[in-house]
Amino acid sequence: MNPLLLWFHKLGSPPYFYRFAGRLLPWLWGLALIGLVAGLYGGLVLAPADYQQSDAFRIIYVHVPSAWMSMFIYAFMAANGFVALVWRIKLSETLAMAAAPIGAAFTAICLATGSIWGKPMWGTWWTWDARLTSELVLLFLYLGVIGLYHAIEDRRQASRAAAFLALIGIVNLPIVHFSVKWWNTLHQGSTVKLFGPSLIDGRMLWPLLIMALATKFLFAASLLSRARVDLLELEAGKDWARQVALSGERA
Amino acid sequence: MSEFFHMGGYGSYVWSAMAIFIGVLALDAVAPLIKRRRVLRELRARVRRAQKRNEESV
Chain A
1 MNPLLLWFHK
11 LGSPPYFYRF
21 AGRLLPWLWG
31 LALIGLVAGL
41 YGGLVLAPAD
51 YQQSDAFRII
61 YVHVPSAWMS
71 MFIYAFMAAN
81 GFVALVWRIK
91 LSETLAMAAA
101 PIGAAFTAIC
111 LATGSIWGKP
121 MWGTWWTWDA
131 RLTSELVLLF
141 LYLGVIGLYH
151 AIEDRRQASR
161 AAAFLALIGI
171 VNLPIVHFSV
181 KWWNTLHQGS
191 TVKLFGPSLI
201 DGRMLWPLLI
211 MALATKFLFA
221 ASLLSRARVD
231 LLELEAGKDW
241 ARQVALSGER
251 A
Chain B
1 MSEFFHMGGY
11 GSYVWSAMAI
21 FIGVLALDAV
31 APLIKRRRVL
41 RELRARVRRA
51 QKRNEESV
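Chains as they are written, first to last, in the working numbering: chain A, 1 to 251; chain B, 1 to 58.
Source of the hints: derived by calculation from the structure; they are not laboratory data. Among the hints, erroneous ones may be present.
Claimed, not checked - In silico SDA-like pairs for lysine to any residue, Cα to Cα no more than 25 Å straight-line:
hint, chain 1, residue 1, chain 2, residue 2
1, B, K52, A, Y18
2, A, K216, B, I34
3, A, K119, B, S57
4, B, K52, A, A79
5, A, K238, A, D50
6, B, K35, A, K119
What the hints assert, rightly or not - Chain A residues, not near chain B, derived (Cβ > 10 Å throughout):
hint, residue
7, L11
8, A38
9, G42
10, F82
11, G123
12, T127
13, A151
14, E153
15, F164
16, V192
17, E233
Think of the CB as a built atom: it goes at the ideal place given N, C-alpha and C, for glycine as much as any other residue.
Kindly generate the complete structure, drawing on both the sequences and the hints.
Right, here's the structure in full:
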């Protein structure tokens with residue numbers, strides 16, 4: 001077997017993953033923290049004020065990365081849910097369920113900061129337009145996945161049922177993304193484009209991209225530390241988990 | 001400096017958004033640490049119970 005594939009198979013084994021994630025975690029937290037400090041410094045201090053929104057536009061540096069993460073994490077959760085349902089890989093079940101609360105956190109941040117941004121710019125905290133409503137539905141989908149997971153006694157059955165819900169809910173992702181195109185909404189269209197030039201000055205753009213990267217690292221760090229604990233709990237009867245408990249190894 | 005905190009009159013909006021971002025993500029980071037302590041405590045109790053059973057059966 002080719003070495004990369006072999007490593008991938010090994011990674012699926014809980015004790016191996018536990019050790020591997022443990023070694024990776026300090027780096028992920030470190031990179032996330034450095035990125036957040038650099039990105040927020042760039043966004044709050046170095047970037048010039050917007051000619052229309054003045055300093056209120058700076059909310060973009062927490063709002064937009066959170067919005068991107070809310071969708072990115074949902075896609076990650078659904079992809080792992082798919083693998084869990086088709087190949088019954090324990091690690092994928094764990095990763096999918098560990099991702100749900102992190103995604104819900106980012107979605108809640110996105111909605112709250114958007115509301116705070118909307119008040120001075122639109123004159124209202126909330127409006128039932130397509131972008132806002134579909135993002136709220138995304139939050140409810142996350143909460144539904146978390147709720148279903150905790151409502152079923154057997155951990156592995158619970159994660160497969162919740163993974164199925166996550167998979168169905170993926171239909172909401174394109175709705176969130178294209179809502180500003182498909183409907184007339186109060187929410188503005190995309191400013192940063194993956195293809196083609198972005199509609200934002202470079203001095204405003206780089207802190208945003210750093211924040212996007214930093215939130216990715218933050219997600220990875222939170223995900224791995226959650227997955228480690230969940231695997232430890234799931235495999236409580238196994239030898240490796242007992243050894244971890246007795247060695248008293250720190251997080 | 002106070003101009004920085006003033007944020008062109010949008011200070012309360014900008015800083016509350018920052019506070020929510022940092023606060024929620026800090027909670028998210030702490031949650032697995034708290035759960036980890038609980039899981040490890042339960043695991044150790046489980047190991048101790050198993051040892052006790054072994055000693056009694058000898």
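Hint check:
Only pairs whose Cα atoms come within 25 Å are accepted, and K52/B paired with Y18/A is rejected, the gap being roughly 28 Å. A hinted pair counts as satisfied when its Cα atoms are at most 25 Å apart, and K216/A with I34/B qualifies at roughly 22 Å. The straight-line distance between the Cα atoms of K119/A and S57/B is roughly 70 Å, outside the 25 Å bound, and the hint therefore fails. The straight-line distance between the Cα atoms of K52/B and A79/A is roughly 44 Å, outside the 25 Å bound, and the hint therefore fails.
For the proposed pair K238/A and D50/A, the alpha carbon gap of about 57 Å is over 25 Å, so the pair is violated. Restraint check for K35/B and K119/A: the C-alpha separation of about 37 Å exceeds 25 Å, so the hint is violated. Here L11/A stays apart from chain B, with its beta-carbon at least about 19 Å from theirs, past the 10 Å limit. Distance check for A38/A against chain B: the nearest CB is about 15 Å away, which clears 10 Å, and the non-interface claim stands.
Every CB of chain B lies more than 10 Å from the CB of G42/A, the least distance being 14 Å, so the non-interface label holds. Against chain B, the non-interface label of F82/A holds: every CB pair exceeds 10 Å, the least being about 24 Å. Every CB of chain B is more than 10 Å from the CB of G123/A (nearest about 13 Å), matching its label as outside the interface. Every CB of chain B lies more than 10 Å from the CB of T127/A, the least distance being 17 Å, so the non-interface label holds.
At roughly 18 Å from the closest C-beta of chain B, the C-beta of A151/A stays outside 10 Å, upholding its exclusion from the interface. With a minimum CB-CB distance of about 17 Å to chain B, E153/A clears the 10 Å threshold, and the non-interface call stands. Distance to chain B confirms F164/A as a non-interface residue, since its nearest Cβ pair spans about 25 Å, more than 10 Å. Under the 10 Å C-beta cut-off, the non-interface status given to V192/A relative to chain B holds; the minimum distance is some 18 Å.
Not every Cβ of chain B is farther than 10 Å from the Cβ of E233/A; the closest lies at roughly 5 Å, contradicting the non-interface assignment.
Checked against the numbered hints above, the structure violates hints 1, 3, 4, 5, 6 and 17; every other hint is satisfied.
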